[in-house]
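Colleague: The task is simple: from the sequences and hints, build the whole structure.
The listed protein sequences derive, respectively, from chains A and B.
Converting from the first sequence to this note's numbering requires adding 1 to each position, the first position being numbered 1.
Converting from the second sequence to this note's numbering requires adding 14 to each position, the first position being numbered 1.
Hints listed in this document are in silico derivations from the structure and should not be mistaken for laboratory results.
Mixed in with the good hints there might be a few duds.
[Unchecked claim] Below 27 Å or equal to it, Euclidean Cα-Cα: the simulated DSSO-like pairs (lysine-lysine) are: (1) B/178 with A/219; (2) B/67 with A/158; (3) A/158 with B/171; (4) B/171 with A/219.
On a predicted model such as this, the values are computed, not experimentally measured, just so you know.
Here's the letter readout for the chains.
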Amino acid sequence: MSGAFFALLRRDLLLAFRRRTELLFPVAFLLVVVSLFPLGIGPGPALLARIAPGVIWIAALLATVISLDGLFRSDFDDGTLEQFILSGHPLTLIVLAKIVAHWLVAGLPLVLLSPLLAIWMNLPLESLGVLIVTLFLGTPILSLIGSIGVGLTLSLKRGGQLLSLLVFPLYVPILILATAAVMAVSDGLPYGAFLGLLIAGLVTSVTLAPFAAAAALKISLS
Amino acid sequence: MKTDKPRKNPLVMFIHKLGSPPWFYDFTGKFVPWLWAVFAALTIWGLYLGLIKAPPDYLQGESYRIMYIHVPAAWMSMMIYVLMAFMSFIALIWRIRTMEIMAMNSAPIGAAFTLIALATGSLWGRPTWGTYWVWDARLTSELVLLFLYLGVIGLYKAMDEPRKAARAASLLALVGLVNLPIIHFSVKWWNTLHQGSSISMTGSKIDASMLWPLLIMAIAMKFYYGANLITRSRVTLLEQDLRKGWTRDVAKDAARERNS
Numbered sequence: 002m003s004g005a006f007f008a009l010l011r012r013d014l015l016l017a018f019r020r021r022t023e024l025l026f027p028v029a030f031l032l033v034v035v036s037l038f039p040l041g042i043g044p045g046p047a048l049l050a051r052i053a054p055g056v057i058w059i060a061a062l063l064a065t066v067i068s069l070d071g072l073f074r075s076d077f078d079d080g081t082l083e084q085f086i087l088s089g090h091p092l093t094l095i096v097l098a099k100i101v102a103h104w105l106v107a108g109l110p111l112v113l114l115s116p117l118l119a120i121w122m123n124l125p126l127e128s129l130g131v132l133i134v135t136l137f138l139g140t141p142i143l144s145l146i147g148s149i150g151v152g153l154t155l156s157l158k159r160g161g162q163l164l165s166l167l168v169f170p171l172y173v174p175i176l177i178l179a180t181a182a183v184m185a186v187s188d189g190l191p192y193g194a195f196l197g198l199l200i201a202g203l204v205t206s207v208t209l210a211p212f213a214a215a216a217a218l219k220i221s222l223s
Numbered sequence: 015m016k017t018d019k020p021r022k023n024p025l026v027m028f029i030h031k032l033g034s035p036p037w038f039y040d041f042t043g044k045f046v047p048w049l050w051a052v053f054a055a056l057t058i059w060g061l062y063l064g065l066i067k068a069p070p071d072y073l074q075g076e077s078y079r080i081m082y083i084h085v086p087a088a089w090m091s092m093m094i095y096v097l098m099a100f101m102s103f104i105a106l107i108w109r110i111r112t113m114e115i116m117a118m119n120s121a122p123i124g125a126a127f128t129l130i131a132l133a134t135g136s137l138w139g140r141p142t143w144g145t146y147w148v149w150d151a152r153l154t155s156e157l158v159l160l161f162l163y164l165g166v167i168g169l170y171k172a173m174d175e176p177r178k179a180a181r182a183a184s185l186l187a188l189v190g191l192v193n194l195p196i197i198h199f200s201v202k203w204w205n206t207l208h209q210g211s212s213i214s215m216t217g218s219k220i221d222a223s224m225l226w227p228l229l230i231m232a233i234a235m236k237f238y239y240g241a242n243l244i245t246r247s248r249v250t251l252l253e254q255d256l257r258k259g260w261t262r263d264v265a266k267d268a269a270r271e272r273n274s
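Modeller: This is the structure:
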């Protein structure tokens, strides 16, 4: 069972690295969106520092949703997805492998990029560590919950716009928790509880979301 | 080993029969006019008591009367989501078509109640809070709820094949139901955290002369939901089964009634 998981993970990562330019799209998107905020609001350091966690997190949400559209797309178009279902391996496990691969390719770069964004947004250095931790815990949840929406909109011609309507309301708690944790650091308040809740969210979504995404895929392929 | 079938429980039989479109159409046709009538009577009574008989509030004057629309609409918006998800669950597990149709027809009604709750809430906010919109926990939760409804409606309308669309949107409704308490509590707690608007409307005990119209209106809205849902579902059934025998019989009966 784990053989299929790792084989699929390896395949997806290999496919992603064969198209290296596409790997840069979510990263470039994140950079462009965050750089628009100082231009739109003004370069005042205090204001930027105040809105930094929210801006970086919202940009991460947008970047995730944009990259999510490709999660099952090519496998759906060429019929590989049907073969996965026929293969006899549990679809939940296959979905989980694809989500992990997606996060490694599209989510992890956002985490690694966050120090640069934090400097741009004038975020205090002591908040940076917590920002990285929240992104590290939170972006996998975004990929996991998003995979349900992708599964549901897969058979639509233009599912991308609908996808954002489906998943953004579900992202609200993560956005609140993550930005609250970063803001708590700058206000000198304890932030452990927020991180604990994020971990709880991660554990819950790892356990439940692949089942829902697999059910969604089966509906889309029916 | 016994070969004769066990006698079916009448309740199970009843639920079983509701899954059959012609039977559902016949059965609901008998009492849906009564639902509309009860709704109309209760609404007139409730609005009369609420808008005319109830005394003005000592603090808010006459403006509090919008409560008789706002509060029942907000209650309904949440209740309908839970019912929709419950019906979606049944529809997904047992693949009952009438249930799929009922679940999907609940979504626009629920969205309308959410919109009414938001609109009346913001109109009520103007005289009491001095602004049309505050990021109050309840308003924000309602807004997210509206987005959840719009997602279900959007997904259902986007797919061409109605049964597949209903199953996909049902799954989304269930995912939303799991998230709804999390969203609700996170928003509530986000609101206390930021201290943006620490206005609360609770505190004062409500007098019986003001409470009764509210309860009557709440029950009237539930009848409205039932009547509207069943009326919508009957139309959807006719539309989907346009080329089947039983719809032809329905059309014939309707024509005969009109001619006689």
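Colleague: For each hint, tell me whether it holds in the structure or not.
Modeller: Quick rundown of the hints versus the structure:
1. For the hint linking residue 178 of chain B to residue 219 of chain A, the alpha-carbon distance of about 10 Å falls within 27 Å, and the restraint holds.
2. Only pairs whose Cα atoms come within 27 Å are accepted, and residue 67 of chain B paired with residue 158 of chain A is rejected, the gap being roughly 56 Å.
3. Only pairs whose Cα atoms come within 27 Å are accepted, and residue 158 of chain A paired with residue 171 of chain B is accepted, the gap being roughly 13 Å.
4. Between residue 171 of chain B and residue 219 of chain A, the direct Cα distance comes to roughly 19 Å. Compliance with the 27 Å bound is thereby established for this hinted pair.
Checked against the numbered hints above, the structure breaks only hint 2 and satisfies the rest.
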